[in-house]
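Participant: Here are the chains, one letter per residue:
Protein chains: 2
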Amino acid sequence: MPKPDHHIFICMQKRPPGHPRGSCGERGSEAVFNAFSQQLIQRNLQNVALTQTGCLGPCQAGANVLVYPSGVMYGWVEPDDVPKIIEQHILGGEVYADKVAPAELW
Amino acid sequence: MPKPDHHIFICMQKRPPGHPRGSCGERGSEAVFNAFSQQLIQRNLQNVALTQTGCLGPCQAGANVLVYPSGVMYGWVEPDDVPKIIEQHILGGEVYADKVAPAELW
Numbered sequence: 001m002p003k004p005d006h007h008i009f010i011c012m013q014k015r016p017p018g019h020p021r022g023s024c025g026e027r028g029s030e031a032v033f034n035a036f037s038q039q040l041i042q043r044n045l046q047n048v049a050l051t052q053t054g055c056l057g058p059c060q061a062g063a064n065v066l067v068y069p070s071g072v073m074y075g076w077v078e079p080d081d082v083p084k085i086i087e088q089h090i091l092g093g094e095v096y097a098d099k100v101a102p103a104e105l106w
Numbered sequence: 001m002p003k004p005d006h007h008i009f010i011c012m013q014k015r016p017p018g019h020p021r022g023s024c025g026e027r028g029s030e031a032v033f034n035a036f037s038q039q040l041i042q043r044n045l046q047n048v049a050l051t052q053t054g055c056l057g058p059c060q061a062g063a064n065v066l067v068y069p070s071g072v073m074y075g076w077v078e079p080d081d082v083p084k085i086i087e088q089h090i091l092g093g094e095v096y097a098d099k100v101a102p103a104e105l106w
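These protein sequence lines are chains B and D, in that order. In this text, residue positions in the first sequence follow the UniProt record's numbering: the first is 1, and each later residue adds one. In this text, residue positions in the second sequence follow the UniProt record's numbering: the first is 1, and each later residue adds one.
To be clear, the hints were calculated from the coordinates, so they are not data collected in a lab. Mixed in with the good hints, there may be bad ones.
Identical chains blur together in the list; that is why a pair holds if it fits in one copy or across any two.
[Said to hold, decoys possible] Derived BS3-like pairs (lysine-lysine); straight-line CA-CA distance at most 25 Å:
| # | residue 1 | residue 2 |
| --- | --- | --- |
| 1 | K14 | K3 |
| 2 | K84 | K3 |
| 3 | K14 | K99 |
Take the sequences, apply the hints, and build the full model.
Facilitator: Structure below.
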């Protein structure tokens, strides 16, 4: 693809049950990834890239979603947040404030 | 970590031998990742994040390395390129032109 206008990275890290850090995988990242994938297809957003990643850092705030080039990290993301992130941030150019990770995490 | 000044993403995608697209894993991405990891530690670059990813797209140009927020994709990256990307791009603020992916790929 040509260089996208927005690049959405989703942490898919998995850790064994009971691991002290937990993981985004345990916190529903696969459903979040699928929701983004579906939104991009439904809205035909060809200028937006979507990529799975390993650990992005703030495991306690998973599922983590990081958007570049704006450099905004969203935490505790659930599938219901995905249309709002798409509408407000990707299409509207305004950060979806409800789920922005706090400054101590990013 | 706090929001980094540079975020380096490395495609670690693996595919079975003989797969028509090949993969960055097959093209040495693990050694490239290790080289970046070593450089960041040796130079104590705490303002640079390093993250493994799934497929970034231009498989034929692997190993692929993507740097944000500048949005520069490097292709055909080998471990020997890593100190040059660190010095020129991350520390010097100038793209390491030798391995920038061509415009038709990114």
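Participant: Confirm or reject each hint.
Facilitator: Hint by hint, here is what the structure shows:
no., hint, in the structure
1, K14 / K3, "between (29 Å within a copy, 23 Å between copies)"
2, K84 / K3, "both (23 Å within a copy, 23 Å between copies)"
3, K14 / K99, "within (22 Å within a copy, 32 Å between copies)"
In summary, this structure violates none of the numbered hints.
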